[in-house]
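Residue numbers (this note's numbering), protein chains in the order written: chain A, 5 to 907; chain B, 31 to 192.
Worth flagging that the hints you see were computed from the coordinates, not collected in a lab.
Where hints are given, some of them may not hold.
[Stated by the list, open to error] Residues on chain A that point at chain B, a partial pick, calculated with CB under 8 Å:
| # | residue |
| --- | --- |
| 1 | 174 |
| 2 | 175 |
| 3 | 178 |
| 4 | 181 |
| 5 | 182 |
| 6 | 189 |
| 7 | 434 |
| 8 | 494 |
| 9 | 495 |
| 10 | 499 |
| 11 | 592 |
From the three backbone atoms N, C-alpha and C, an ideal C-beta is built for every residue, glycine too.
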Amino acid sequence: MLEEEITITVDGKELKCLPTDTYYEAISKHNIEIPTLCHNPELKPTGACRICVIEIENSRTLMPACSTPIKANSVVYTQSERVREARRILVELLLTSHPLNCVICDKAGSCELQKLAYEYVPEERLGRYIGTKPKTDLQEKNEFFELNYSACIRCGLCVRVADEIQVCGVLSMTHRGFETFPSPGFGRTFEEAGCVACGNCVSVCPVGALVSNSVKGAGRAYELEKTTTTCAYCGVGCQLDLFTNPISKKIVKVDSTEGNVVNGLALCVKGRYGWDFVNHPERINHPLMKKNGEFVQVTWDEAFDFIEQKLKQIKEEMGPDSLAFLTSAKCTNEENYLMQKLARAAIGTNNIDHCARLCHASTVTGLARAFGSGAMTNSINDLTKNAEVILIIGSNTTEAHPVIGVKIKQAVQEGKTKLIVADPRIIELADYSEIHLQQRPGSDVALVNAMMKVIIEEGLFDEKFIQERTEGYNELKEKLEKVSLEVLCKIANINQMDLRQAAILFGKAKTAAIVYSMGITQHTTGTDNVLSLANLAMITGNVGRPGTGVNPLRGQNNVQGACDVGGLPDVYPGYQKVSDKENKIKFQKAWGVSNLSDKPGLTVVEIMNEVYEGNIRGVYIMGENPALSNPNINHVRSALEKLEFLVVQDLFITETAKYADVILPGKSFAEKEGTYTNTERRIQRVRKAIDSEGERIADWKILQEMLNRFGIENRYDSPEQIMDEIADVTPIYSGISFDRIDKVGLQWPCKGKNHPGTKILHEKTFSRGKGKFHAISYIEPAELPDKDYPIILTTGRILYHFHTGEITRRVKGIHKRRPIERSEINTKDAERLNIKNGDKITIESRRGKIETIAKVTDRIQEGVVFMSFHYKESAANLLTNDALDPLAKIPEFKVCAIKVGKV
Amino acid sequence: MTSTEPHRLWDILKRYDSNPDALIQILNEIQKDEGYLPHITLKLLSSELDVPLSKIYGVLTFYEHFKLVKPGKIIITICMGTACFVKGSPALNTTVKNMLGIESGETTSDQLFTFERVACLGCCALAPVVQINGEVHGQMTPNKLQKLLTKICKEEEKGEEK
Ligand code: SF4
Ligand code: SF4
Ligand code: SF4
Ligand code: FES
Ligand code: FES
């Protein structure tokens with residue numbers, strides 16, 4: 005018996021329990037069932053429904069087990085006559101106002117009230133509850149779910165989830181007595197009250213009151229099969245269960261996986277409701293080849309033969325570097341690994357890259373230089389549980405990484421964490437911040453330098469940390485001494501007092517974390533920006549401890565993994581340089597080849613340039629859409645038009661696939677096995693939930709066939725074997741196997757089969773030994789506003805859509821809610837240009853011109869327009885600048901000069 | 031006047047130090063000022079106190095005395111307490127509904143009448159009781175009530191003509 009354990013007697017049995025537990029927690033751990041209606045382990049107990057009552061000896065009244073802390077040596081009964089009678093009365097009370105339409109209710113079979121009535125209400129008493137029930141004229145029916153008020157039992161769970169988990173403030177219990185209902189009030193719809201359709205409140209409703217539209221008539225709970233997998237949208241990597249109907253072979257609903265360590269109860273609208281693309285009629289079902297300008301269906305053999313012949317021909321005629329490969333941040337680790345193996349081992353070129361180039365290339369180069377490892381230093385939960393202060397810079401977290409956004413909101417609401425938000429727009433988190441610095445787009449280096457200057461002046465730097473763990477501090481200090489705070493603040497267009505306050509808040513905190521995303525990386529100074537943030541973290545000693553660190557939030561579901569397993573032109577799996585002789589020898593041996601190239605390959609944007617120049621004649625693209633995602637897409641499109649041979653492997657005929665010679669139908673995340681690595685370096689399982697239609701083949705199988713045709717005779721029976729090979733050649737993944745990550749994913753570095761994974765990087769020493777400061781000066785963005793193009797355009801995402809919209813725009817509910825682009829323009833600019841909210845406008849840059857709809861708002865600063873890049877009819881990337889960061893080769897999506905006109 | 035002048039709201043907020051825990055007192059003061067709780071004022075209050083509108087709605091619908099619409103000139107209150115109920119207040123209820131076309135809690139579109147129901151006005155001996163602008167009318171019947179309301183309507187029309 006552990007020292008702190010205490011004993012209680014339950015129904016005559018002695019149980020050992022933790023003194024911190026409630027009766028419910030203690031007793032249910034021993035598999036004794038106590039019914040609950042308003043309890044949820046992630047919420048604070050309220051004791052509202054009282055169905056969980058138990059009898060405690062020497063206590064006058066029955067006590068709710070869920071909210072009563074246990075007492076040593078107490079004697080309790082969970083099924084005494086008194087208890088059962090109390091529960092019966094409660095259940096019957098609920099039945100007086102609940103419609104008894106279980107025969108047609110979608111919740112039947114998983115309804116808590118139904119279960120309780122079955123156990124507690126004698127048949128002969130049921131009759132009295134049939135008949136008229138109190139009515140309400142409240143209603144809510146939206147694109148994703150509905151609240152069927154007549155079925156509500158007023159347990160209040162939805163309101164508590166909205167308050168404590170989602171922190172959305174949409175719901176409240178309103179009115180009294182039989183008229184009590186959860187509602188946004190004032191006759192508003194959920195959306196009008198700020199609902200973001202995460203469905204987290206829906207998921208906890210114990211009865212058929214809050215129900216997702218997708219479950220209607222789609223099958224009873226007990227008919228459905230459950231598959232635990234990883235969300236295929238963003239880098240948070242939420243764990244979710246796909247519920248499928250084995251008869252209709254369709255996904256019916258999605259819920260978060262119980263007790264998972266990444267997202268807990270929460271999901272966002274994309275994860276919970278964004279999956280009906282899987283069965284979309286526009287999915288490609290057969291290989292297609294362009295013949296006489298039109299796509300015709302062909303057999304797999306014909307497609308494979310043709311690809312093999314063309315690739316071999318081009319390679320022979322112009323050498324391996326005349327071919328290039330784009331792998332995919334959407335595909336699994338196993339598929340990415342095979343793709344880079346195809347490029348390197350089969351063809352002999354390092355021309356392999358993917359859209360990580362467009363989002364976090366500067367993170368990889370910057371953090372590798374400063375720390376020695378280009379990934380998020382800490383974990384999602386340690387960040388949101390332990391940070392006193394979080395600086396959020398260039399990350400619209402609640403829209404781009406919604407579940408991390410929600411966790412940050414929770415931390416602020418609980419009073420644990422203070423936020424500093426640095427963003428040109430008033431993003432949602434700005435409303436939760438102590439200080440919002442609304443810097444001019446592209447001025448981040450100046451802002452961070454200003455913060456460090458104040459920190460040094462105020463003596464808030466961590467001398468010991470700087471001495472023991474870093475190098476290059478003096479150069480940085482000297483550089484900062486040479487510029488004045490006034491000048492820096494002027495460049496960033498921020499108030500000196502605010503800046504000072506922010507710096508002091510950050511500097512004084514015992515634990516301060518930095519969270520950033522593409523607002524930092526997508527600049528010609530992206531690497532500089534990242535290095536500056538690394539400086540800020542090191543100068544204050546905020547690396548290597550819980551609640552600290554430099555934390556890039558990765559965009560795509562598997563962008564971290566695609567980089568890890570070698571989807572980059574300069575490194576083999578595990579960031580092992582291709583230019584290093586020993587690595588070459590090692591991989592030649594592992595792959596049984598002798599032709600590996602030690603010349604680093606080209607990056608995404610460079611590949612398109614070389615295609616345009618005619619130096620690259622064949623491109624193989626898996627699940628990427630450069631014709632919409634790259635900057636300056638007019639240029640990309642003319643390159644693709646010129647390209648001699650293009651293979652595209654995807655789910656839909658994307659903008660890019662339209663230029664292809666061969667299109668191969670891949671499988672979606674719900675149809676295949678594998679792993680993704682999330683933003684906190686956690687490798688997690690992807691599992692097959694439904695059989696796919698047509699002749700689609702999992703991408704890993706397609707790639708295996710290609711490898712075989714080039715004489716690489718690997719035969720993998722399953723992705724599991726591919727992962728074993730990855731573990732063999734990739735030191736940071738060497739401890740990973742499907743077995744070990746079956747329940748809970750592991751975080752790399754995981755060096756060995758007994759290694760527990762790594763929650764926090766650089767704990768004792770940096771990956772590169774000492775952390776390196778870099779003295780950075782502010783450099784202007786490549787294109788600034790001028791007389792002809794007076795406004796700055798900055799681009800990003802919105803909550804509902806993902807990337808180029810190929811998937812989310814095919815999700816019915818999402819499309820209905822956000823059908824068109826609405827570009828943000830400041831009220832004053834709009835006034836000057838005589839533009840009203842909802843007007844059709846044109847936006848023009850030196851590279852292109854588009855039409856869009858104006859959203860006039862004060863949440864964007866004067867002189868700046870914000871656009872998302874999800875909509876092909878208003879493609880922001882026709883406008884963006886393809887100027888590159890010299891080191892990371894990431895384009896400057898976040899700043900270009902435009903003019904705006906009225907249509 | 032359509033809403034609490036912002037500066038009056040600021041005064042109230044200052045008195046309560048913008049403390050969200052004093053929400054009920056603050057709502058009471060606004061209602062005292064305005065006779066009801068104007069929507070714009072509540073919106074302002076929501077952002078000042080950092081309390082979502084839904085929570086304010088939850089609180090004010092829990093208590094019966096808060097009003098969300100500007101009350102009419104004449105307030106008809108029907109007692110639904112036990113004594114009045116058994117002596118026939120449901121019928122009075124129907125009379126008002128039929129005559130004015132409004133439910134309890136509503137105001138006629140000409141802003142003349144507001145209809146409310148309460149539980150026990152404390153004069154059960156006179157049951158059933160109807161209160162009109164504070165004046166108690168006991169032993170009410172549908173017929174008497176109808177006459178009373180017709181009379182009021184006529185007086186109001188005359189008043190307007192003048
Ligand atoms: S769906 Fe999400 S955002 Fe909407 S009310 Fe429920 S918890 Fe809040
Ligand atoms: S809608 Fe569902 S969760 Fe919300 S109060 Fe009603 S029964 Fe409970
Ligand atoms: S936060 Fe990201 S991973 Fe989680 S459900 Fe949403 S899109 Fe999926
Ligand atoms: S479950 Fe314990 S009071 Fe509701
Ligand atoms: S019940 Fe009507 S006055 Fe008491």
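Hints and how they fare:
1. 174: holds (6 Å)
2. 175: holds (6 Å)
3. 178: Constraint on residue 178 of chain A satisfied, holds at 5 Å.
4. 181: violated (10 Å)
5. 182: violated (13 Å)
6. 189: Status holds, d = 3 Å.
7. 434: Constraint on residue 434 of chain A not satisfied, violated at 14 Å.
8. 494: violated (31 Å)
9. 495: Violated, about 32 Å.
10. 499: violated (22 Å)
11. 592: Violated, about 62 Å.
Of the numbered hints given earlier, the model fails hints 4, 5, 7, 8, 9, 10, 11; all others are met.
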